[in-house]
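So the sequence shown is numbered by the working numbering: it starts at 25 and just counts up by one.
No lab work stands behind these hints, which were simulated from the structure alone.
In this text the structure is predicted, and so the values were computed from the model without any measurement.
Mixed in with the good hints, there may be bad ones.
Unchecked claim - The calculated DMTMM-like cross-link candidates involving lysine to aspartate or glutamate, where the alpha carbons are at most 20 Å apart (straight line), are: (1) Lys232 / Glu134; (2) Lys318 / Asp204; (3) Lys318 / Glu180; (4) Lys318 / Asp306; (5) Lys318 / Glu248; (6) Lys318 / Asp217; (7) Lys232 / Asp291; (8) Lys232 / Glu248; (9) Lys232 / Glu180.
As the list claims (entries may be wrong) - Label pairs and their calculated CB-CB ranges: (10) Ser325 / Asp273: 29 to 39 Å; (11) Gly132 / Asn328: 53 to 63 Å; (12) Arg69 / Val196: 13 to 23 Å; (13) Val196 / Asp273: 22 to 32 Å; (14) Glu270 / Ala224: 44 to 54 Å; (15) Asp264 / Gly53: 43 to 53 Å; (16) Arg252 / Val193: 12 to 22 Å; (17) Thr285 / Asp113: 20 to 30 Å; (18) Pro257 / Gly75: 40 to 50 Å; (19) Arg205 / Arg228: 28 to 38 Å; (20) Ala203 / Asp324: 22 to 32 Å; (21) Ala164 / Asp324: 22 to 32 Å; (22) Arg283 / Arg185: 48 to 58 Å; (23) Gly132 / Asp82: 20 to 30 Å.
Beta carbons: idealized from backbone N, C-alpha and C, even for Gly.
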Amino acid sequence: MSPQHNLVLVTGATGQQGGATARRLLADGRAVRALVRDPSAPAARALAAAGAELAVGDFDAPGTLPAALAGATALFAVPPAAHGPQGWDVDLEARRGIALVDAARAAGVEQIVFTGIASFHGDDHTWGAGGKHRIEAAVAASGTRYTLLRPVRFMENYLMRGLPVDGIVDGVHRHLFPADRPMKVIALADIADIAALAFADPDRWHGKTLELAGDAPTPPAAAEAISRATGHPIRYQELDETAAAELGDAIAQAWRLMRTTGGWRADIAAVREIHPGLRTFDAWLAETGAAQIKSLMDSDSVANAR
Numbered sequence: 025m026s027p028q029h030n031l032v033l034v035t036g037a038t039g040q041q042g043g044a045t046a047r048r049l050l051a052d053g054r055a056v057r058a059l060v061r062d063p064s065a066p067a068a069r070a071l072a073a074a075g076a077e078l079a080v081g082d083f084d085a086p087g088t089l090p091a092a093l094a095g096a097t098a099l100f101a102v103p104p105a106a107h108g109p110q111g112w113d114v115d116l117e118a119r120r121g122i123a124l125v126d127a128a129r130a131a132g133v134e135q136i137v138f139t140g141i142a143s144f145h146g147d148d149h150t151w152g153a154g155g156k157h158r159i160e161a162a163v164a165a166s167g168t169r170y171t172l173l174r175p176v177r178f179m180e181n182y183l184m185r186g187l188p189v190d191g192i193v194d195g196v197h198r199h200l201f202p203a204d205r206p207m208k209v210i211a212l213a214d215i216a217d218i219a220a221l222a223f224a225d226p227d228r229w230h231g232k233t234l235e236l237a238g239d240a241p242t243p244p245a246a247a248e249a250i251s252r253a254t255g256h257p258i259r260y261q262e263l264d265e266t267a268a269a270e271l272g273d274a275i276a277q278a279w280r281l282m283r284t285t286g287g288w289r290a291d292i293a294a295v296r297e298i299h300p301g302l303r304t305f306d307a308w309l310a311e312t313g314a315a316q317i318k319s320l321m322d323s324d325s326v327a328n329a330r
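Construct all of the structure, not just a fragment, from the sequences and the given hints.
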């Protein structure tokens, strides 16, 4: 199959980063093929309705990848995470990602934009980023034009439910971040915007590693901003080291790195230079965040009143 000049295969397309990037590329007029496991899932159907082509594939069935990549000239790769009760399976994550990169190279893909995870100052290979670093190395060695994105915590994580940290439960945001230090965050739409810049000009962004953050409120300040924007009182609870250790070795290591390394190295001013529309936390709340959080909190209030 001959390459389609505009066609980008997006992995993780029914998830957060992949979905945001697929929608942004479609809005820009790019042809998008979304890799999905279940084309009948609501998120997959929504992408198809927006104009994306669906390709059925699975990282654990690498034989499905060549057909998904056939004819594509570019790839947006979200790490095929492998996380279970014992923490990150970095070997499985790396195998999945490297298999995708190998399949892309064999298919003649000309550009890869890979989104991993932000790095701390100093050595952070001792926690769950190890698998992503190995995928980054494979991307860099692939012979394609490539860009590596490393986003910090998503602003949208306030919408998460059912996890031991993050999200908002009973008016409390519980996390590892030190309460008295800035907490770097970024909106998913900004990751998508920056990925779109890379796809629009592969030569300019070739070989670049971009640490991405959009704002850095302290966790209590972010909670106060949410309270003002939603009318629901929110407070921040900082986990201590013992509580973090109870959640697993990787969580405990992240807790320590946040306090011993000076935090994530992303330079917000530098990101704003390449993307002047970079959203602050307040801007994200005003645009979409507050309404979504308020909807969840309103539903919780109704449920608790029953």
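We went through each hint and held it up to the structure:
For a cut-off of 20 Å, the pair hint linking lysine 232 to glutamate 134 stands: about 16 Å separates their Cα positions. Simply put, lysine 318 and aspartate 204 have alpha-carbon atoms about 26 Å apart, too far for the 20 Å limit, and the pair is violated. A threshold of 20 Å between alpha carbons decides the hint, and for lysine 318 with glutamate 180 the separation of about 13 Å falls inside it, so the pair holds. Between lysine 318 and aspartate 306 the CA atoms are separated by roughly 15 Å; this keeps the pair inside 20 Å, and the hint holds.
For a cut-off of 20 Å, the pair hint linking lysine 318 to glutamate 248 stands: about 14 Å separates their Cα positions. A C-alpha spacing of about 25 Å is found between lysine 318 and aspartate 217, which places the hinted pair above 20 Å, so the restraint is violated. Restraint check for lysine 232 and aspartate 291: satisfied, since their Cα atoms lie roughly 14 Å apart, inside the 20 Å limit. A hinted pair counts as satisfied when its Cα atoms are at most 20 Å apart, and lysine 232 with glutamate 248 does not qualify at roughly 36 Å.
Under the criterion of a C-alpha separation no larger than 20 Å, the hint pairing lysine 232 with glutamate 180 is inconsistent with the structure, at around 25 Å. Look at serine 325 against aspartate 273: about 37 Å separates their beta carbons, and that is inside 29 to 39 Å. In this structure the supplied range 53 to 63 Å holds for glycine 132 paired with asparagine 328, their Cβ-Cβ distance being about 55 Å. With their beta carbons about 35 Å apart, arginine 69 and valine 196 fall outside the hinted range of 13 to 23 Å.
Taking the beta carbon of each, valine 196 and aspartate 273 are about 25 Å apart, inside 22 to 32 Å as hinted. As the Cβ distance of glutamate 270 to alanine 224 is approximately 46 Å, the hint placing it in 44 to 54 Å holds. Distance hint check: the CB atoms of aspartate 264 and glycine 53 are about 50 Å apart, consistent with the given range 43 to 53 Å. For the pair arginine 252 and valine 193, the beta carbons lie near 20 Å from each other, so the given range of 12 to 22 Å is met.
Checking the proposed 20 to 30 Å range against threonine 285 and aspartate 113 shows it holds: the Cβ atoms sit about 24 Å from each other. One distance hint, 40 to 50 Å for the beta-carbon pair proline 257 and glycine 75, holds here, with the actual separation near 41 Å. Between arginine 205 and arginine 228 the Cβ separation comes to about 34 Å, which falls inside the hinted range of 28 to 38 Å. The supplied range of 22 to 32 Å is met by alanine 203 and aspartate 324, whose beta-carbon atoms lie about 23 Å from each other.
A beta carbon spacing of about 45 Å between alanine 164 and aspartate 324 contradicts the range 22 to 32 Å that was offered as a hint. Distance hint check for arginine 283 and arginine 185: the Cβ-Cβ separation is about 27 Å, which falls outside the suggested range of 48 to 58 Å. Checked against the hint of 20 to 30 Å, the pair glycine 132 and aspartate 82 passes, with Cβ atoms roughly 22 Å apart.
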